[in-house]
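Undergrad: When you get a sec, could you build the whole thing from the sequences and use the hints?
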Amino acid sequence: MSADQAIAKATPLSRRTARWLDDRLGAASFARKALDKVFPDHWSFLLGELALWSFVVLIATGVWLTFFFDASIEEIVYEGSYVPLRGIEMSRAYASALDISFDVRAGLVMRQVHHWAANVYLATTVVHLMRIFFTGAFRRPRELNWLLGVGMLIFSIVNGFVGYSLLDDQLSGTGLRIAYNIAISIPLAGTWLASLFFGGEFPGPDLLERLYVMHILLLPAVIVALLGAHLALVARQRHTQFRGPGRTEANVIGERVWPTFAAKGLGAFLLTSAVLCALGGLAQINPIWLYGPYRPAEVSAASQPDWYMGWLDGALRLWHDWEFRAFGFEIPTPFFPSVLLPGITFTLLALWPFLETRFTGDRGEHHLLDRPRDRPLRTAFGISTLAFYTVLFFAGASDVLAVTFQTSVNALFRTFQLMLLVLPPVAGFITFRLCKELARRDRPGASDQAPAVAAPAPGEGAERRQEIEPEDEPERDPASAAGVPRR
Amino acid sequence: MTASADRENSGGPGAGQNDTAPEGRSDRRAERVVAGAFVASIAGAITLAAVYIAGGQPQLEGVALALALGGLGVAVVAWAKSFMPDDEVTETRPQLPSSDEEVRAFTESFEAGGQTLARRGLLAKLGLGALGALGLAAVFPIRSLGPNPGEGLKRTPFAPGVRLVDAEGAPIRPRELPPASLVTAWPEGHAGDAQSPTLILQIDLDDFVPLPGREGWLVGNIVAYSKLCTHTGCPVGLYQTELDLLLCPCHQSTFDVLHGAEPVFGPAARPLPQLPLAVDDEGFLIATGDFSAPVGGGFWDRGRS
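Chains as they are written, first to last, in the working numbering: chain W, 1 to 487; chain S, 1001 to 1305.
Some hints could be false.
Sample of chain S residues facing chain W (criterion: CB under 10 Å; computed from the structure) [to be verified]:
id, residue
1, 1066
2, 1081
3, 1088
4, 1090
5, 1126
6, 1228
7, 1238
8, 1253
Derived lysine to aspartate or glutamate pairs resembling EDC-like cross-links, with alpha carbons at most 16 Å apart [stated by the list, open to error]:
id, chain 1, residue 1, chain 2, residue 2
9, S, 1081, S, 1151
10, W, 37, S, 1027
11, W, 33, S, 1091
12, W, 33, W, 22
13, S, 1154, S, 1301
14, S, 1081, S, 1027
Derived by calculation from the structure, the hints in this document are not laboratory data. The beta-carbon is built from N, C-alpha and C at its ideal position, and this holds for glycine as well.
TA: Structure follows, in structure tokens:
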């Protein structure tokens, strides 16, 4: 403030603005630390970032869509420019979605980018979750961030479903009806919960308005809050890193935020957006005009949810017609595959860091990542779990598969039910053996690279295996590549 | 993003800010890549604007947007990789747990404040009670969200004498039904309703096995079942006429039309409820009562009347 005015005039505007801000915030030292923060580099660390950028695209396109969408079930006669549906009665919601697709300039691209972004966001989130799991990045001190991530995953899946349920087309209405029946299948409270949520019996007079508020306000707010905390924790705790020369539990080695990491992050955002825009322009997604407006008594063949709901749909199909009845009360079939299974799934997922601590007794802090092979049991368990949900996912498309491969749905169901029991243990066992084998092949090479590469036990038969070593090059990447110049 | 700085001095805290030894040609090539990408991005943005002004075209808009964003992205990444410091820097990881001293200081401050509460123990408890009561009271408005589910799920508007109508609301004459077809009907006054769609099927009486007590529920060879699958309530919309099977397209539950619509395959555990039929004085199809069971998916007290 006491600075000479002449000097102030000579300094560029950007610097004067920064000074103006700092006079009011005193943030220079904090900002300096933020710029100097170091991020370790590995391709797999990009996965979470891709999810973040897809989420940004979701918000941007979503805000735009809200200007045109009308979540009302009031019936009107369609007069828009899509000829096959002209003169047909439909809800305002469906009509406005058609208008966005056909009569709002650039509307279809925005709608399709939004839908693609949702699918990619959840896909990258799930792959990011796998990366965290298989590298043990959830261990102390990052259990809280694991919980925040699992929370985001759950809310994001729900919001994805709610989002495509808004359009009131034949497919989305069918999905909501299934959701309603799942809700009433909950013992004791089910019919009450369904009535309170849907505002009465299906379809419920207020349902779309409620879903809309959830989709554009409630759930995004929750996700943004969790996301903020998630990122703040990464900043506070610093990123994990793979083992490598000089890398210890006590340091972080990588690029500074400013300028390189920031520029690459910006680049990643721009490229993610570019891919999503290309998809939104060129790859048709959710062509609601082909499904027609929702009529509760009609249904289209091959009713499939979006990919992240596929495992639930598959579970609904594969769960046998078992239900429990006693004293006139019953727990109907949908409860088990679509309430109990996701409940168990997400509870176990959330508790995993604590369960693992209990099994291994390892309560120490970990900032150096495991390679999947270093923890054969965890990796095998993860792969076997993935196998389970993959079978469910494909079972969710059983009718489409039956038509595609000209087989009976009946035979497919039996096959999937069998695979659900057999595949996970087999996949787990193979993974376990593979991890052991890979770890054994690593030992001779690892010893002369860096002491930091943990070899769980001294290797046997080292000399003979040295010749085979180059073959597993791609697998060696995380730990050993850091020591080898790549450019 | 895969590239990392891998130099001999990697990890050295004082690693310089300058890039690899300036090699004029490769620098110029990198410059050209960055410049080209920026130009492509500008071209994409201009194309986008032009397409928009010309009336819009979804595919072109998507491609132009992708070009504009992608060009910018490539340029930024290429710039970062070629002209920004890529040396590895080592940062000491901060100790996360606070020092004992900090913890003690916090505990003291907190407990000092807490003691003022403890000194007015009764007031504090009353305060908590007031908060709890307020929280409890705040739960009640949830009740406004929906009506008591009551008996609604167990009943449909079908009752003795209620006509069956088609989607337009017109009553149905048995002999005017097109042969071998699947007609969806509703109780009169509720055409298109979500809970009571009913399937009217014409079956071969020679093969039909009525359930005990339901011998008189047919009109001629016409039988009526609820259209809602007993699994998750999807409309059972696929009729395999030669096998007399109804198939639900959602989860492939299959019902045997000739044997009380019992499930023969898939996850449904209960038969489709049957509607008792008759014909009124004017020759229209009517129901002689409600469905044989609550329609749609199961729920906790479905079996309680």
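Undergrad: Against each hint, give a clear statement of whether it holds in the structure.
TA: Verification of the hints:
1. 1066: holds (4 Å)
2. 1081: holds (8 Å)
3. 1088: holds (5 Å)
4. 1090: holds (5 Å)
5. 1126: violated (32 Å)
6. 1228: holds (9 Å)
7. 1238: holds (7 Å)
8. 1253: holds (8 Å)
9. S/1081 - S/1151: violated (68 Å)
10. W/37 - S/1027: violated (28 Å)
11. W/33 - S/1091: holds (11 Å)
12. W/33 - W/22: Satisfied, since the Cα-Cα distance of roughly 15 Å is no more than 16 Å.
13. S/1154 - S/1301: holds (9 Å)
14. S/1081 - S/1027: Within the cut-off at roughly 11 Å; holds.
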